[in-house]
Amino acid sequence: MSATAEPPTTATVVAGARRERGLRAGPLLLTAPAALALLLFLIAPLATFAVYSFLTGSLYEVSGPLTLENYREIAESDLNRTLARNSVVVGVLAAVTSVLFALPIAYWLRYTASRWKTLVLFLMVASFLASYLVRIYAWRTILGTEGVINSGLGALGVIDEPLTFLVFNRFAVTIALVHIYLPYVVLVLYAGLAPLKPTYLEAAQDLGAGRVQRWRRVVLPLVAAPAASALLFVFVLSAADYVTPQFLGGRTGVLLGVQVQVAFSTGDYAAGAAISFALLAGFLLCYGLVALALRVARVDRLRFVS
Amino acid sequence: MSNEEILHAMVQRATRRRFLQRAGAMGLGTLAVPGLLAGCGGDDEEPTAPADEPAGPAEVPTASGRVDYLSWEGYDIPDAMKAWTKSNGIQFKTNYIANHDDIQGKIKAAGSAGGFDLTTYYQGYKQLYAQLEILKPIDESKLPNLENLDEFWGGDLGNFWVDADGTRTGVPWTWTPLGLTYDSAKTSELPSHYDLLDPKFKGKVAVVDDPTGAWAMAAHILGLKPDEIKKADLAKINDFLSQIIAQSSGVSPSFGDVTTKLTSGDAVVAFQGWTAINKFAADAGTKTIKHSIPKEGGFTACDCWAIASTADNDDAVYSWMNETLKPDVHAAAADYVIGGVTVGDAYPLTSKSLQKLYPAEQQAEALEQAPLYNNPPVESDEFVTFEEVLKNWQELKAGAEA
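As given, the protein sequences belong to chains A and B, one line each in that order. Note that this note's numbering has the first sequence beginning at 1, numbered continuously upward. Note that this note's numbering has the second sequence beginning at 1001, numbered continuously upward.
No incorrect hints appear here.
Cut-off 20 Å, straight-line C-alpha distance, at most; resulting in silico cross-link-like pairs (SDA-like, lysine to any residue):
#1 Lys1106(B) - Pro45(A)
#2 Lys1106(B) - Val62(A)
#3 Lys1295(B) - Gln1369(B)
#4 Lys1225(B) - Ile1293(B)
#5 Lys1200(B) - Asp160(A)
#6 Lys1186(B) - Glu146(A)
#7 Lys1202(B) - Thr252(A)
#8 Lys1391(B) - Arg251(A)
#9 Lys1142(B) - Asp1165(B)
#10 Lys1106(B) - Thr48(A)
#11 Lys1391(B) - Ala84(A)
#12 Lys1391(B) - Asp1381(B)
#13 Lys1186(B) - Ser151(A)
#14 Lys1295(B) - Tyr1194(B)
#15 Lys1279(B) - Ser1184(B)
#16 Lys1106(B) - Ser265(A)
#17 Lys1236(B) - Glu1395(B)
#18 Lys1391(B) - Val62(A)
#19 Lys1108(B) - Gln1131(B)
#20 Lys1108(B) - Ser58(A)
#21 Lys1186(B) - Pro162(A)
#22 Lys1202(B) - Thr164(A)
#23 Lys1391(B) - Thr82(A)
#24 Lys1202(B) - Pro162(A)
#25 Lys1200(B) - Leu163(A)
#26 Lys1106(B) - Phe49(A)
#27 Lys1287(B) - Ala1276(B)
#28 Lys1202(B) - Glu146(A)
#29 Lys1391(B) - Ser58(A)
#30 Lys1391(B) - Ala75(A)
#31 Lys117(A) - Pro104(A)
#32 Lys1202(B) - Arg251(A)
#33 Lys1108(B) - Thr48(A)
#34 Lys1391(B) - Pro1377(B)
Across the chosen pairs, the derived CB separations fall in these ranges:
#35 Gln1091(B) - Phe122(A): 38 to 46 Å
#36 Gly1223(B) - Thr164(A): 33 to 41 Å
#37 Ser229(A) - Ala1098(B): 26 to 34 Å
#38 Ala1109(B) - Val120(A): 42 to 50 Å
#39 Thr164(A) - Pro1191(B): 21 to 29 Å
#40 Leu42(A) - Ser1192(B): 51 to 59 Å
These are computed hints drawn from the structure, not numbers from a lab. Ideal Cβ placement from N, Cα and C applies to all residues, glycine included.
Using the sequences and the hints, build the whole thing.
Next comes the structure, spelled out in structure tokens:
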């Protein structure tokens, strides 16, 4: 049986064209408010501070002419170099540690947790409700001179004097940052693993792949892109953090984000803007390097097939 | 001029000013003023109110509406001002600062858009705030209770709150001498600031992130004036401060964090210690935290009420300031912030514990031992400037020059 197609009337054509235009315009209209908000609250301030970074700053004011002096000072400052090094070290450590810890947890949640999954996911999300500062101070309570670890080891007779390397250094900052960002990374990786059906792994097993090979040749390539996103996410937020280092960083764990905060709070807008954009440039470079690494490893375009 | 001479001169001037204020309040009028000034032998005396303001009985404006407050948490003295807020139907909106630089930062950022009415400033910031033009002049005729201020605090001491031309920009209401705060369960009282450098305190010294305060303290200990330190002498301050910071476990972002370090055992003694830490610690259950002024002395921080340049409810701010100068309210506020009083009649109304911290008979001595200083100058070719101090502090904190 064949259906005879009737020629479209003018009205049908016009209605169809309208519908098509509507379909094309729909997404634009829907995204317009968000785009406008981004323009007003992100792009415009960024553009303003981009200009500031090339001006001369005095107390709470900036003035012309355009200059590269702020960037020259950043490059020549021992302090900024020290803080940038701290930022890279802490950022990389926090990011890598978070992903390394999160991956098995996400894998377990996806394939093994069964009835525990809902509870664990709920606890992950619930941890976001705890205040950032409370979590930082919790680590002080754990790692401090008279904290849980030192008191416990002292009570057990393992140590005579408190261990002083536990807190007020990069180590403490990294631990706190991993604790803060781990739930985000678990959720990102869990979402990344969600389309990877158990049948993929079964198929690999049927084809003779052992446990390690299944991880190396199936799981990791498919989860590489979300893992890289999570890695960059934690790296950027950790390296630019200015709160945790002030409470846990001591003298060696101060990061470049603190310098940005200090510059703006003391009215040196030009220097603050320049350091911010130097940081942004560093982050973009990292993004480029990670994207390149994914491409070289040929895992950047892998997609799950249903 | 020695500190003693300055104190004497200040008290004399304050006495004359107070007399003039009272004369004005009694309706003696302006005609009598030149004669009175001549009688006092003071041809440099300035009128208490701006020149274009008519003299007359002081009258406080009626408060109403919303007050936007910008200052430290606690300086909003909620208990002491509860009755005032309620009886005037005031909507009191608090904007707490994390450090003193937030005050100028936020007022400058608010700009002509308005926003903040009532603020405070530590006397050292006066010069900077004058340059930034973020304070409104205060009309003394709207503050009848200004006469309650002690002679010492009522004067134009160091131009901290009254300019040389008689324009008032601040009302001093609380003060505290900074010295050392220590845990008496872990150490005896330290007679000298240099005791902080003892190896036994390695990693056990708390230092708060207050660049101008640390600068003032270091300068005073080294026998220098914080606002007149030659650029060549910067190394002396750096050397001392870097040694202090090297003894710490890192610079604390706030006095609250200093308190936490002392009560948790992460610190035993705090450089630039503050009496209020004792109270914070006691509230947290640690009763052994004490405050002392070592033999080298310290410096005093006096905070003033002020009207922000962005204010759009000046009347309510005048009413607020006037209210806080009532002895009973002032005493309650002093107890709340653990600060010294500037209204003498409030002193007997304060708690015994506060009186123990601030013995009335030792006030002059305390202020001589821990004087009030200006911050470093905003601009100078000769002396280290405010901006240089801030920059220097960041480097010291990160150990770049340690």
